Each structure stands twice: as C-alpha cells, then as structure tokens.
Amino acid sequence: MCLAVPGKVMDVRDDRGTRMATVNFDGIEKEICLAYLPDIAVGEYVIVHVGFAISRLDEDSAMETLAMFRELGILEEELGVESSEAGAAS
Amino acid sequence: MKYLDEFNDPELAKKLFADIDRVTTKRWAIMEVCGGQTHAIIRNGIDQLLNDKIELIHGPGCPVCVTPLGGIDKALAIASLPDVIFCSFGDMIRVPGSNRDLFQVRSEGGDVRIVYSPLDAVKLAEENPDKEVVFFAIGFETTAPANAMSVHQAKQRGITNFSVLVSHVLVPPAIEAIVDAEDSRVDGFLAAGHVCSIMGTWQYGPLVDKHQVPIVVTGFEPLDVLEGIRRVVIQLEEGRAELENAYPRVVSEEGNVHAQTLVAEVFEVCDRMWRGIGEIPQSGWRLAPAYREFDAELRFDVGAIDSPESELCRSGEVLQGFIKPNECEAFGKECTPRKPLGATMVSSEGACAAYYQYRRLDGIEVEVSAGG
Amino acid sequence: MADKPNFNGWSCPLPLRDYERIVIGHGGGGKLSAELVEHLFLPAFDVGVSEELRDSAVIDLGTAGLAESGGRLAFSTDSYVVRPLFFPGGSIGDLAINGTVNDVAMSGAQPIALSSGFILEEGLEMATLARVASDMGTAAKLAGVRVVTGDTKVVDAGQADGVYINTAGIGIIPEGVDIRPGRATPGDVVILSGPIGMHGVAVMSKREGLEFGTEIESDSAPLNGLVADMLAVSKDLHVLRDPTRGGVTASLCEIATTADVGIAYEEALLPIPAEVAGACAFLGLDAMSVANEGKLVAIVAPEDADAVLGAMQANAYGREACIIGKVVDAHHGVVVAKTTFGATRVVDLQLGEQLPRIC
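If you read the sequences in order, they're chains A, B and C.
Straight run, no breaks: the first sequence in this note's numbering ends on number 99.
Straight run, no breaks: the second sequence in this note's numbering ends on number 1429.
Straight run, no breaks: the third sequence in this note's numbering ends on number 373.
I should point out that these hints are in silico values taken from the structure, not numbers from a laboratory.
All figures in this text were calculated on a predicted structure; none of them were measured in a lab.
Idealized CB from N, CA, C, for every residue including glycine.
Be aware that one or more of the hints could be misleading.
Unchecked claim - Okay, derived cross-link-like pairs now, SDA-like style, lysine to any residue, Cα gap no bigger than 25 Å in a straight line:
#1 1212(B) - 43(A)
#2 1059(B) - 239(C)
#3 1180(B) - 43(A)
#4 1071(B) - 283(C)
#5 220(C) - 1110(B)
#6 1059(B) - 287(C)
#7 1059(B) - 282(C)
#8 155(C) - 281(C)
#9 17(A) - 295(C)
#10 1110(B) - 1241(B)
#11 17(A) - 1309(B)
#12 155(C) - 239(C)
#13 1390(B) - 267(C)
#14 1180(B) - 239(C)
#15 1390(B) - 346(C)
#16 220(C) - 1241(B)
#17 249(C) - 200(C)
#18 155(C) - 267(C)
#19 1396(B) - 287(C)
#20 1396(B) - 267(C)
#21 1071(B) - 1082(B)
#22 1396(B) - 1363(B)
#23 1396(B) - 1356(B)
#24 1396(B) - 347(C)
#25 1212(B) - 33(A)
#26 1180(B) - 1229(B)
#27 1059(B) - 285(C)
#28 220(C) - 33(A)
#29 1059(B) - 71(A)
#30 1180(B) - 172(C)
#31 1059(B) - 286(C)
#32 1180(B) - 22(A)
#33 1071(B) - 82(A)
#34 1059(B) - 267(C)
#35 17(A) - 172(C)
Said to hold, decoys possible - According to the in silico footprint, chain A covers these stretches of chain B (three or more CB under 8 Å from chain A):
#36 1059-1068
#37 1071-1078
#38 1134-1144
#39 1167-1181
#40 1196-1203
Could you build the full structure based on these sequences and the hints that come with them?
Here's what the structure looks like:
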C-alpha cells in the first residue's frame, strides 16, 4: 500500500520549527521532513514515504537477514539432502 | 549497503524459492495484505515461480483502490468548486468516481494539482491566501503521520484556507474482517511492513492469538516478500500460529512513537466504508474534534453524497479469495482497466487488473532469450 | 553539446524598439514582426539577412539528391509544449529541432530542411525567446539541417504558456531503405541505443510540485547521424523508433501491435542509470515508460545485429547501445518482459502520463 524507499540523510536543518533533511536516493536529492525521526544523524539511512522519514534502517539487522538468506540450503547440501527443484530455475 | 539491490538479488531469490519448496508439503493460501507487496509479486513474477501448492491472495491494502465511491464523488464535487485548489497524490487522480475522475474535473476548469507530500499542499495554501486549498488525505497508517502533520502545521501556523478530505483506513480491522468472514480461505498473512514501521508489531499479537492465524510482518523488496512467504509456510507446516517480524531492519515492536503520538492527537477512530468490501467497524480515522475545523466535508457543503457501488462488481469476493477474477460475470465485459467497476480493477496491481493482463497471454509458452 | 553558448549574463542585442518583452504587435506582420525575424530568428538560425525572404522556402531536390535516391521523401511534424522551457541538458528549443529531426530519421531519411512555427505569449521576455531561438540554431547546426521557413504569432497574456513551437521536417529516404513498424519479424533482434529515462527524469526534476535535485540531464540529441551510420552497415534495418513520450514501453507495444508479433525483452539487460532508477523508485514510476529524446529502438534481422550494434557503438549517440530482446512468433500484439528472477510479465501501455504513486 505504501511506497516507501530507502535514502541517505545528507544534511539536517530547521525550517520554522520543523526538522527537515536532504535525503539522497541513488543520486536524486529531495527535501524530507524529519519530524518523526528527531534523533537521526547525517549519514544514516531512512525509509521515506510521501516526503516523511518514517523509520531508520538498521544496517546490522539488514546484514543479518542477508547472511541468513545466504545460509539457506547450505545445511542441506552439506548433509547431502536433495532439495526439491528451485522454482527460480525454470 | 543501499538496502535495495541487495534485496533484489536473483541468486538469493533462488535459495529462498528452493527453501520454500523444501518446506512446503500441503496447499496453503497466503494473503499479502499490502498493495506494495502485490506490486513486488507481479513486477517480479514471484507468483509464477512459487510452487503450485502456494496460492497468493492479493489483499485489500491499496488505499487508492479501497477509497469508497462516495468519498471519491465528494472529492470530485469539492474539486469542482470555484476558488478551490484540490491537491491529491498522483494515483488518486485517475480513479473513477460514479461518472468521472479528477482529470475530467480539471478539464472542466477545476484546479486539481498533484502533490508529492501533504506538506506541499500546506505550502500551496500559504502561497494562495485567496484560494481554499483542499488535500485528499487518503492512506493507511503509513501515510497518516504525514497527513496529520499537514493539519497540525496548518493549525500551528494559523493557515485558515487549508482543509483535508479524510478517507483513512486501518489494517488490523481489515485483517480481522477477512479472517472472520464465513468460509475464509486465508491460512496466513503477510502484514504490511511500512504500516508496522509506524504502528509497531504489537497490534497484531492479539489477532494471531484470537484467530490462530500466522502473521509475518514483511518488507517490500522481492527477497523480503519471499522471506515472508517462507516464514508463513514454515509456521503452517509446523502447525504454529505466531507473530513474526521478517522486516527487522525497519520495523520494531513499538513502532514510531513520535508518529503515533501526533496521529492520536489529530485523528480519532471511526467506522469506514471500503470499496468492494463494505463498512468495517472501527476501521478508519477521521479528524479529532480539536482539528474538525480543517475537515473539508464540513467546510464545503456539497450535499449528501452516498454513491451506490456497482451491483455487478464482486471485487469483495475476489479480495477475500472466494472467487477468481474471471469468475465474475462483469470481468472483461462491463469491467476493464479502462473502465473499472471495483477496487480490484482500479489499480494495475489489483487482482482483477493483473489477471486481465495475464489473460492476454492465453497460456502461451513465453520464450525470452535476448542472446545476440 | 559543448559548443552551446553560455547565456549567463546575456543581454538582448535587439534594437527592437527597446522591447524587453513580446507584445501583441510582434505577431502582427508589421515592422515589429520583421524586426523580430531579422534581429532574433535569422541570426539564431544562422541565416544571413542578405538571403531573400519570401512566403515559402524553395528547396532544390536535385542538389539535395532526391533523384538518385529513388524519389521518396519523409515528412513529419511535431509540436512542443514542454514545461519548464529550460531543464537540465536542454530546452524547448533543442527539443523542437531534435524531435523532428529524429522523427524524420526514424524512416531512415536524412533531414534536409525544417520549418518552425512559434506561438508566443504576450509578455514573454525577449531574452527567453532569444535563448530558445539560439538553442534551436545550435541544435540545427549539430544535426546538419537548416530551418528554412517559419512563422510567428502572438496571443494574449494567459492564452499560452510562454512559447509553443511547431516544427516540421522533410528528409530524403535512401534507395532500398524500407523502415517501418510493420516489418518487425519473428527472429529479429531488438536493440536500444543507450541508457533510458534521462529526459523524463530531468524534466520532472524541475516540475512544479515535484522538484528534486539531480545531476541527470536530458539526453536530447539528433539521431540522424547515428541512423546514417547504421544504414551504412545494413540498408535492411526493419524498424526504427524514437521512444519519446511513453518511453520504450510505448514504442515496443506499438510495434508489436502494428506488426502483429510478440516482443520479449529481458529486464536484466535494460540500461537504466542509477539516478533514473532512484527517481523512479521514490516516485513509483516505471523507467521503461519514461520519455527519452536522444535514443532509438532498432529492430533488425538477426544476421545484421552484430554489424548494426557495432556501428551504433562507434557513434557518440549509440556508444552504450545494447540488445535487450527479440521479436517472437507468439503472444501476437503483446510485449512481455522476462524479470530478473526468470518469470514473465505482460508489459502494457500506460493510460496517459505516468503519475507519482504512493502505493
């Protein structure tokens, strides 16, 4: 339902009492409201929806998830268990 | 780490597909609640690549699709008024009301503008003090903080020519309505990660316990969606029903407390009509009394608008997985993407619209290999 | 386009009775009109005042080489209403030239002459018009084509949006060349001349309500030279199309429908610049449906593909040309994409302009 994309906080400033930031999305820069992430620091990644940063991205957690994906199937291979055919291979 | 490409990796996708195949032994129907996840599924063809024991049911999580006909007709009526600048997110502009859409209102002289953020509408109000600026505040919990901030900012800054037409909907009551339905076919849910980034995961525990249905909070990149499906299937196969968070890089248990606080100040819970489904109790937000002065419905007298939904349309049954789109008598006849009757044909990711597209292939084996 | 004049600090050189803005009289056919032509348009289009001005241009098709070519002309017209008038990498001026040059070139023709018609809004700054005209002149020179006839009308303030331009162009089609959508044949290879979506993103970045910062520039460029280089290695190009409004998707869908063939491409092969992908991600757009102004889609027989691709890559405007898919004898009239995961997806035309989404 909600198109929200990750971007990197480039700078932070105050606009008439509202905390605003420039957020970079792969080379595209946009003014984003930081009112809901008051503790975010320059250099961190945030999820942005309709001009608002709604969540901080946790790098450790992302790495963990990816590492877990990489591990999938490895145990079975080691044990010599045949995994059923991958759907993606078709 | 850019948090996008990494979660689109085809090699890791193969591992996830393989593991889903490994754990699946029975037939399961899984609903992805959110339109964003449906988009990722259709865009990448995940539904085609999953083993045929798993059926994905596209849920009602597209705020554009579920905005009731009456709400759109009110928007059209307000947008047609002189001296009104009517602001909307881009995807609402082409959604048809009873007999036209906002583009047609514009062609008839209405001042309809597309904004990226609700704050852009507040800015327009400041820049046009002699006009009434109305913002069409639709969305789920994800969008509510942004819409709440627009009203809050207008109040703080004393901007009196700004108002909002609110049609907010909430996810948990919709999930509840779907599992409560007689003959519900849904075995497990992928909950909407971005909704949960705002609201946290705590709202879903009671649903899991009450209905004994697995709910996995899921992200939006293709690998996230696959992981959500994998975790639901594992739970179902093991006979468990638990709340899991498969999107921990973004979602926490408590959610975004700052956002929840302002939303609670600006909005209050109300009953809400869902296009194609009907009224779901306590499933929406409207402006709280302290902010009622910004309610466009009260500010503009456009008469009582209560538009009946199409009698032909069976999108509610499609949304809940009871029928396939082509089992609806109107499918492809009275109802097409050009002239949609119901929610599921409105958005290109809606179950009926997606089905309409794929039907064009008519089961032809598709051969693609560019090689030069 | 390195040789573009720099207009920072530009001041209008016109005597033009010291008008700094367009007035209704500039379209009235009197002295003001004549001065506008003489002092603004002719210098910009590099036409000497000594050349005789008359009601129509006369083109000697003998010297242009029509007789040897087999006697076929390509003729095309397009109107330009872009907002804003100036955007990163271009302006309405170079678009008006390149767009029509490219439309003519997509028949395999070498453009020989263009016309330009202006609708100006009363109150338009003379400096703005001069900048537009100068961009047109520069673009025409780069494309090697002359603007030979033109017209100017002025409408009341509020009746237009600054400047509208219509250009038409004619070109000569070399003998033996037969390029049209209907010739797409199963087995043919689909080639794209380079990275997509740049023009659309550059223009959107300056559009009211959407503004965002980007280094990306419009790809606005004349493609007649590229087409000539392609024809030099194979006269049997089947289809050429410049994927402007509606993007590559619209071009492919039109070709599939017209030729009643299937077209299949691989998403993994698409050249999408990171910034275009970034802009599309946060606005919820599809890069394949975003406009280009300096790219072409070519459909060629498989045996010609390598030579044509090589010729394209040797041209400055085709350096990053690549094969993205092929024409198939299946799903007639329908374009399908193979996703990076290996699934297939039906690709459909957008209903109208793409709009930013929230869901």
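Verification of the hints:
no.	hint	verdict
1	1212(B) - 43(A)	19 Å, holds
2	1059(B) - 239(C)	39 Å, violated
3	1180(B) - 43(A)	17 Å, holds
4	1071(B) - 283(C)	19 Å, holds
5	220(C) - 1110(B)	49 Å, violated
6	1059(B) - 287(C)	15 Å, holds
7	1059(B) - 282(C)	19 Å, holds
8	155(C) - 281(C)	36 Å, violated
9	17(A) - 295(C)	14 Å, holds
10	1110(B) - 1241(B)	18 Å, holds
11	17(A) - 1309(B)	20 Å, holds
12	155(C) - 239(C)	12 Å, holds
13	1390(B) - 267(C)	23 Å, holds
14	1180(B) - 239(C)	47 Å, violated
15	1390(B) - 346(C)	21 Å, holds
16	220(C) - 1241(B)	49 Å, violated
17	249(C) - 200(C)	19 Å, holds
18	155(C) - 267(C)	33 Å, violated
19	1396(B) - 287(C)	35 Å, violated
20	1396(B) - 267(C)	21 Å, holds
21	1071(B) - 1082(B)	19 Å, holds
22	1396(B) - 1363(B)	20 Å, holds
23	1396(B) - 1356(B)	31 Å, violated
24	1396(B) - 347(C)	21 Å, holds
25	1212(B) - 33(A)	30 Å, violated
26	1180(B) - 1229(B)	33 Å, violated
27	1059(B) - 285(C)	19 Å, holds
28	220(C) - 33(A)	17 Å, holds
29	1059(B) - 71(A)	10 Å, holds
30	1180(B) - 172(C)	24 Å, holds
31	1059(B) - 286(C)	17 Å, holds
32	1180(B) - 22(A)	18 Å, holds
33	1071(B) - 82(A)	10 Å, holds
34	1059(B) - 267(C)	33 Å, violated
35	17(A) - 172(C)	42 Å, violated
36	1059-1068	holds (count 6)
37	1071-1078	holds (count 8)
38	1134-1144	violated (count 0)
39	1167-1181	holds (count 5)
40	1196-1203	holds (count 6)
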